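There are 2 protein chains.
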Amino acid sequence: MRIPIWISNRHVHLSPSDVEKIFGKWYQLKVFKDISQPGQYACEETVTIEWPKWKIEHVRVVGPTRKTTQVEIMVGDNFALWTNAPIKISGDVDNLEYIKIIWPVGDIYGPFAMVSQRHLHCTVQEAQEMGIKNGDSIQLHVWGIRAVMFENVAVRAKDDYALDFHIDIEEANAAGVKPGDRAELTK
Amino acid sequence: MRIPIWISNRHVHLSPSDVEKIFGKWYQLKVFKDISQPGQYACEETVTIEWPKWKIEHVRVVGPTRKTTQVEIMVGDNFALWTNAPIKISGDVDNLEYIKIIWPVGDIYGPFAMVSQRHLHCTVQEAQEMGIKNGDSIQLHVWGIRAVMFENVAVRAKDDYALDFHIDIEEANAAGVKPGDRAELTK
Numbered sequence: 108m109r110i111p112i113w114i115s116n117r118h119v120h121l122s123p124s125d126v127e128k129i130f131g132k133w134y135q136l137k138v139f140k141d142i143s144q145p146g147q148y149a150c151e152e153t154v155t156i157e158w159p160k161w162k163i164e165h166v167r168v169v170g171p172t173r174k175t176t177q178v179e180i181m182v183g184d185n186f187a188l189w190t191n192a193p194i195k196i197s198g199d200v201d202n203l204e205y206i207k208i209i210w211p212v213g214d215i216y217g218p219f220a221m222v223s224q225r226h227l228h229c230t231v232q233e234a235q236e237m238g239i240k241n242g243d244s245i246q247l248h249v250w251g252i253r254a255v256m257f258e259n260v261a262v263r264a265k266d267d268y269a270l271d272f273h274i275d276i277e278e279a280n281a282a283g284v285k286p287g288d289r290a291e292l293t294k
Numbered sequence: 108m109r110i111p112i113w114i115s116n117r118h119v120h121l122s123p124s125d126v127e128k129i130f131g132k133w134y135q136l137k138v139f140k141d142i143s144q145p146g147q148y149a150c151e152e153t154v155t156i157e158w159p160k161w162k163i164e165h166v167r168v169v170g171p172t173r174k175t176t177q178v179e180i181m182v183g184d185n186f187a188l189w190t191n192a193p194i195k196i197s198g199d200v201d202n203l204e205y206i207k208i209i210w211p212v213g214d215i216y217g218p219f220a221m222v223s224q225r226h227l228h229c230t231v232q233e234a235q236e237m238g239i240k241n242g243d244s245i246q247l248h249v250w251g252i253r254a255v256m257f258e259n260v261a262v263r264a265k266d267d268y269a270l271d272f273h274i275d276i277e278e279a280n281a282a283g284v285k286p287g288d289r290a291e292l293t294k
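Protein sequence lines correspond, in order, to chains A and B. If you're matching positions, the first sequence starts at 108 in the numbering used here and goes up one per residue. If you're matching positions, the second sequence starts at 108 in the numbering used here and goes up one per residue.
A few of these clues could be false.
For chains that are exact copies, the list does not tell them apart, and a pair is met inside one copy or across any two.
Claimed, not checked - Capping the alpha-carbon separation at 20 Å, the derived lysine to any residue pairs in SDA-like fashion look like this: (1) Lys128 with Gly213; (2) Lys137 with Thr155; (3) Lys137 with Lys162; (4) Lys162 with Ile252; (5) Lys140 with Gln246; (6) Lys162 with Ala187; (7) Lys195 with Asp243; (8) Lys285 with Gly183; (9) Lys160 with Phe130; (10) Lys160 with Gln135; (11) Lys207 with Gln232; (12) Lys132 with His118; (13) Lys285 with Met256; (14) Lys195 with Trp250; (15) Lys195 with Thr175; (16) Lys162 with Gly183; (17) Lys162 with Gly287; (18) Lys240 with Ile209; (19) Lys140 with Pro286; (20) Lys137 with His165; (21) Lys285 with Trp189; (22) Lys195 with Gly283; (23) Lys207 with Thr190; (24) Lys128 with Ser197; (25) Lys240 with Ile163; (26) Lys240 with Asp288; (27) Lys285 with Phe186; (28) Lys195 with Gly251; (29) Lys285 with Pro123.
Quick caveat, the hints were computed from the structure, so don't treat them as lab data. The structure presented is a predicted model; accordingly, all values stated were derived computationally and were not measured.
If we strip away everything but chain A, and leave its shape as in the complex, we get:
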């Protein structure tokens, strides 16, 4: 099966109370455009993330709000910011790296930063058809002059997920992958 690849830039998920702290009381995030997973969207809002060494501006907020605020950066950002954000499955918010989010009304500081581990989204039925299941670790192959076999791809199967292989920009560039490219499951 050829699996569409979704490439993420660094981004931020915010809790409802952190939206108010950063953007002001009663503030509502505005939809900029839909992204691959149903109900998820890039917001018009961006924030600045900061650590004493460096800051990164224009980091996109992804909505809707979540229970817990989470900043997904890239390994290269760890070097730029002098942070040590761990590589984790998105949503696993234990022991994240401390970071400050500033913009435009207030700022928040806490253990928000992680690097997302590459993962596959699919429905339970698609997982069954591929002979895999939620929680599995699989290998996905991409072709080309920078062909790579991505190992340790976490399977996240749930009925409201859309099929995609989720990597960040550094992983995409390392593999010469562009939006619209596909990966293949190998056993």
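Put chain B on the given structure of chain A with help from the hints.
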């Protein structure tokens, strides 16, 4: 065999005449520190590379001078600069992307820019011991939470080469590889 990994940032190789155009008549590059391959060194000098959309400062010059000027950037730089530098084996200087190098005396403009294809340096004897030869395309594996099998690794075997697997920062970050890590040849 465990092969040491060498991680390159973007950098510039200059011809003797381009050194004079950029830094001035009779200018000699200064050694900053040795790098993995014998006789090669990072220079004290850096340059700015530019394209109408963007510029990147502090790009390290790597010495000694070469017959042909060559700018090695990363895929992410292609997006930032709006260039389309091809992925090629370093030294294959046909059909490179046009780019401007400015700093500090003069500037040059020409088809200098490429993205380096991942490659293995080794001596002819090391290649024989590994059962490979110059010009082969091999697969090298790295471990960890971002474990990857790098395919299409070009073998460059020559008696004055030091053993290393040469990737750029994006490839290293995508694979969770740090300086000092090693890769393994797989067949």
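Taking the hints in turn, this is what the structure says about them:
no., hint, result
1, Lys128 with Gly213, "within (6 Å within a copy, 50 Å between copies)"
2, Lys137 with Thr155, "within (17 Å within a copy, 38 Å between copies)"
3, Lys137 with Lys162, "neither (24 Å within a copy, 32 Å between copies)"
4, Lys162 with Ile252, "neither (34 Å within a copy, 26 Å between copies)"
5, Lys140 with Gln246, "neither (30 Å within a copy, 39 Å between copies)"
6, Lys162 with Ala187, "both (8 Å within a copy, 18 Å between copies)"
7, Lys195 with Asp243, "within (15 Å within a copy, 36 Å between copies)"
8, Lys285 with Gly183, "both (19 Å within a copy, 11 Å between copies)"
9, Lys160 with Phe130, "neither (24 Å within a copy, 31 Å between copies)"
10, Lys160 with Gln135, "neither (31 Å within a copy, 34 Å between copies)"
11, Lys207 with Gln232, "neither (40 Å within a copy, 52 Å between copies)"
12, Lys132 with His118, "neither (22 Å within a copy, 48 Å between copies)"
13, Lys285 with Met256, "both (16 Å within a copy, 19 Å between copies)"
14, Lys195 with Trp250, "between (26 Å within a copy, 16 Å between copies)"
15, Lys195 with Thr175, "within (15 Å within a copy, 44 Å between copies)"
16, Lys162 with Gly183, "both (13 Å within a copy, 19 Å between copies)"
17, Lys162 with Gly287, "neither (31 Å within a copy, 28 Å between copies)"
18, Lys240 with Ile209, "neither (39 Å within a copy, 54 Å between copies)"
19, Lys140 with Pro286, "within (16 Å within a copy, 39 Å between copies)"
20, Lys137 with His165, "within (15 Å within a copy, 38 Å between copies)"
21, Lys285 with Trp189, "between (28 Å within a copy, 15 Å between copies)"
22, Lys195 with Gly283, "between (23 Å within a copy, 12 Å between copies)"
23, Lys207 with Thr190, "within (11 Å within a copy, 33 Å between copies)"
24, Lys128 with Ser197, "neither (23 Å within a copy, 50 Å between copies)"
25, Lys240 with Ile163, "neither (37 Å within a copy, 45 Å between copies)"
26, Lys240 with Asp288, "neither (23 Å within a copy, 32 Å between copies)"
27, Lys285 with Phe186, "between (24 Å within a copy, 11 Å between copies)"
28, Lys195 with Gly251, "between (28 Å within a copy, 12 Å between copies)"
29, Lys285 with Pro123, "neither (33 Å within a copy, 37 Å between copies)"
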